[in-house]
Every structure is written in structure tokens, then in C-alpha cells.
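Could you put together the complete structure from these sequences and hints?
As they're listed, the protein sequences go chains P and S. With the numbering used here, letter number 170 in the first sequence gets 170, and the count goes up by one each step, no holes. With the numbering used here, letter number 81 in the second sequence gets 81, and the count goes up by one each step, no holes.
Derived by calculation from the structure, the hints in this document are not laboratory data. Check before you lean on any hint, since a few could be wrong.
Copies of the same chain look alike in the list, so a pair counts if it works inside one copy or between any two.
In silico PhoX-like pairs for lysine-lysine, Cα to Cα no more than 25 Å straight-line [said to hold, decoys possible]:
#1 Lys125 with Lys115
#2 Lys125 with Lys69
#3 Lys115 with Lys58
This structure is a prediction, so every number in the text was calculated from the model and none was measured.
There are 2 protein chains.
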Amino acid sequence: MGNFYQIGEVCQATGLTPRTLHYYDEIGLLVPSERLAGGQRLYTAADLQRIEEIKELKRLLGLSLSEIKRLLDAEEARRRHLAAANEAPDEPARRAALEQALGVAEAQARSVQDKIHQLTEFGRKLDRHVRDLRRLLRNGNGAAVRQEAARPAAGPAKTALKTASVAQGSAATRAGGER
Amino acid sequence: MGNFYQIGEVCQATGLTPRTLHYYDEIGLLVPSERLAGGQRLYTAADLQRIEEIKELKRLLGLSLSEIKRLLDAEEARRRHLAAANEAPDEPARRAALEQALGVAEAQARSVQDKIHQLTEFGRKLDRHVRDLRRLLRNGNGAAVRQEAARPAAGPAKTALKTASVAQGSAATRAGGER
DNA sequence: GCGAGACCTGACGTGGACGGGAGGGTATTG
DNA sequence: CAATACCCTCCCGTCCACGTCAGGTCTCGC
Chain P
1 MGNFYQIGEV CQATGLTPRT LHYYDEIGLL VPSERLAGGQ RLYTAADLQR IEEIKELKRL
61 LGLSLSEIKR LLDAEEARRR HLAAANEAPD EPARRAALEQ ALGVAEAQAR SVQDKIHQLT
121 EFGRKLDRHV RDLRRLLRNG NGAAVRQEAA RPAAGPAKTA LKTASVAQGS AATRAGGER
Chain S
1 MGNFYQIGEV CQATGLTPRT LHYYDEIGLL VPSERLAGGQ RLYTAADLQR IEEIKELKRL
61 LGLSLSEIKR LLDAEEARRR HLAAANEAPD EPARRAALEQ ALGVAEAQAR SVQDKIHQLT
121 EFGRKLDRHV RDLRRLLRNG NGAAVRQEAA RPAAGPAKTA LKTASVAQGS AATRAGGER
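Written out as C-alpha cells, the structure reads:
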């Protein structure tokens with residue numbers, strides 16, 4: 001059960017710096033499970049796992065540390081609830097807790113799905129780029145290669161920009177909405 | 001043909017603030033296509049499109065503004081290269097340009113695919129949570145519900161951590177104390 | 001019991017991404 | 001021609017997520 005890691009080892013393993021871990025401790029995002037009498041932080045395997053989750057949430061979802069904290073804390077609370085729910089105090093309360101947890105989890109899942117969807121769309125766009133380039137490279141002859149077809153929607157601005165002479169008051173026909 | 005938008009209109013349309021657009025201008029991320037003599041920024045539809053791309057890249061990939069700038073600039077350079085490549089100066093140069101562009105695009109596509117993959121993994125994890133919770137809710141009886149299986153969590157765990165040989169004996173000493 | 005590391009707590013600095021106000025032009029309307 | 005609504009450029013402030021000393025403490029191996 002002992003088996004603690006010092007901060008330096010944790011840094012080795014995770015690529016984070018001591019300062020970062022200090023900071024995470026400060027803001028309550030990752031409070032080491034144990035401390036020596038002298039104050040040295042001791043991290044457990046569970047702490048390491050939490051660090052990985054933090055990194056994941058940062059990288060994948062781009063969440064802020066406070067958001068991550070909320071999320072992980074909620075998660076843990078949920079887990080504790082689940083554990084405690086078995087020797088439930090009263091049935092309705094247990095159901096309520098579960099339902100609330102379910103709602104949160106569903107919302108998260110939806111948002112992730114949504115993100116995947118959008119990323120997929122984005123990926124397709126990139127793939128089209130790649131294909132177009134490959135095609136251009138294959139028919140090595142430089143002439144007569146048609147410009148890549150208009151991509152998503154509106155055609156890009158031609159060279160027509162040329163400007164309604166800026167200094168002049170007559171200038172641009174502004175498009176514009178209301179007022 | 002001009003059809004420019006003032007900064008206020010752009011803000012209306014995009015949800016950004018004037019300050020943000022000023023800032024984007026400052027850092028060269030989005031320099032308005034035109035300016036009035038008085039200095040007022042005039043944005044074109046293409047500018048609006050670029051703004052949307054910026055927002056997308058921020059949201060979806062969580063990129064920093066400088067990264068986005070690199071990306072979009074590269075994209076535009078690529079497009080110009082493509083256009084210029086048709087009346088190519090010399091064949092090898094054209095090929096080189098195309099190949100370079102291809103490399104960039106491929107790398108981007110790969111990184112997006114990678115991200116999608118990881119997000120999908122993450123989504124599965126969430127889905128499992130949801131399913132577990134649903135199951136718990138269905139068999140309303142609180143007893144005998146098995147704890148959700150500890151998720152292995154796909155730990156890459158590159159660096160092997162040697163278990164800390166830290167202070168076995170003193171570990172039991174009280175941790176909360178200040179002197 | 002002592003020296004070398006590893007670690008601690010402040011405290012200040014930094015880069016990114018803006019927010020917000022002052023002070024002053026500009027453009028449109030009555 | 002004045003009022004009004006936008007817009008401009010400084011320029012300082014802020015929040016986040018740390019980086020970077022500085023000075024002191026703790027632990028371990030000898």
C-alpha cells in the first residue's frame with residue numbers, strides 16, 4: 001500500500017515540471033495523497049492516473065484547469081456516490097444522485113460526439129486537399145491542370161480587391177444590415 | 001463590388017468583440033483587407049470566412065493564435081503556389097512546391113485523424129459510464145450492484161517508474177502538521 | 001554528524017488573449 | 001452646423017498557467 005512517488009519521479013514519468021505540480025496542488029486540481037512530515041509531497045499511482053486524465057482532458061478537449069477540476073471532482077463524487085449508494089440511505093436520494101450523474105455523463109458524451117463529428121468534417125476537408133495535391137503531382141505535366149475545384153462553399157476572393165480609392169469619401173458601397 | 005463590413009458589423013456577425021479584432025489585427029492573424037483614410041477597418045466576406053476558420057481551429061483543435069496564424073498562412077501560401085504552379089517557372093520547382101505542400105497537408109490530416117481516434121476512445125469511455133449508470137438505475141434495488149469494473153484506461157505509461165524507496169519508516173508520521 | 005541532492009515555500013516575472021477606459025478623429029443625420 | 005454614433009490608437013489591468021529565482025528545509029548515504 002505504501003508505494004509512493006516523489007515529485008521528481010512523477011515529473012520524470014509525466015513530463016510535467018515540479019512547478020506545474022506545485023501549481024496543480026495550489027489550485028486543488030491534484031493534491032498529493034500524502035505528505036511527509038517535512039512537507040514533501042508523496043503521490044500514489046492513483047494520483048498518476050489522475051495526472052494522465054488531466055493531460056488527456058487538456059489535450060483532447062482543450063479544457064481549462066478549473067473545468068478539468070470540476071469534471072474530475074464530479075467524477076469522483078459520482079464514484080463515491082456509487083459506492084455509497086449500495087448501502088443507500090434512502091432509495092429516492094440514491095435515484096436522484098444516479099440520475100444527476102447520468103445527466104452529466106450524457107451531456108459530456110454528447111459534447112464529445114459533437115466534437116468528433118466536427119473534427120471528422122474537418123478531416124475530410126484536409127483529405128480533399130491531400131487528394132488534390134496528389135492528383136496534381138501524378139499528372140506531372142504542368143500545363144492544363146485544372147485548379148482545384150471550389151472547396152467548401154463560397155469562392156475565394158479574386159484579385160478584384162483593387163479598392164475603392166481609400167482616401168476618397170466616395171469609397172465603398174458598404175453592405176450592411178440594419179440601421 | 002466592394003461590399004465591406006465595419007468592425008461593428010463583423011462583431012455582430014461573429015460574436016467577437018472589437019477589442020478581439022483589434023488584437024487579431026495587431027498580431028497579424030486577421031488584417032482587414034481594407035482601411036478607410038481615417039483608419040477604420042473594412043472587412044470583406046473573405047475576412048469573415050477567415051474569422052470562422054479561426055474560431056473553428058480554436059474550438060476544434062484548441063490551437064493557439066500563433067499556431068492558427070501559421071496554419072492559415074501556410075494554407076494561403078499553398079493556394080498561391082498552386083495558382084502560380086500552373087504557369088510554373090520550371091518543372092522541378094513546381095514539383096518541389098507541390099510536394100512540400102503535400103507533406104504539410106498530410107501531416108495535418110494525420111494529426112486530425114489521430115485526434116479523432118483519441119476522442120473516439122474517450123467517447124467510448126464515457127459511453128461505458130453512461131451504460132453503467134443506466135443499468136444501475138434500471139435495477140432499482142440498491143443492493144448487489146457490482147461496482148463498475150475498473151477501467152484499464154489504456155495507459156501508455158511509457159517511462160517505467162521505479163517505486164519510490166522513499167522514507168518507508170517515516171511515512172506514518174503525521175502529515176498535516178506545521179511546526 | 002555532515003555533505004549532497006531533492007524538495008519546500010514565497011514572491012516576482014512572463015506570454016497569451018484579451019478587457020476597459022481615456023482622449024480624440026470621423027461619418028451620418030436632423 | 002451640431003449632435004450622435006462609431007471608430008481609432010495608446011496604454012494599463014487581468015486571468016491563466018506556469019517559469020524562475022532565492023533562501024531555507026528535509027532525507028539519505030556515508
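- What are the numbers of the hints that this structure violates, sorted from low to high? Hint check: nothing fails, all pass.
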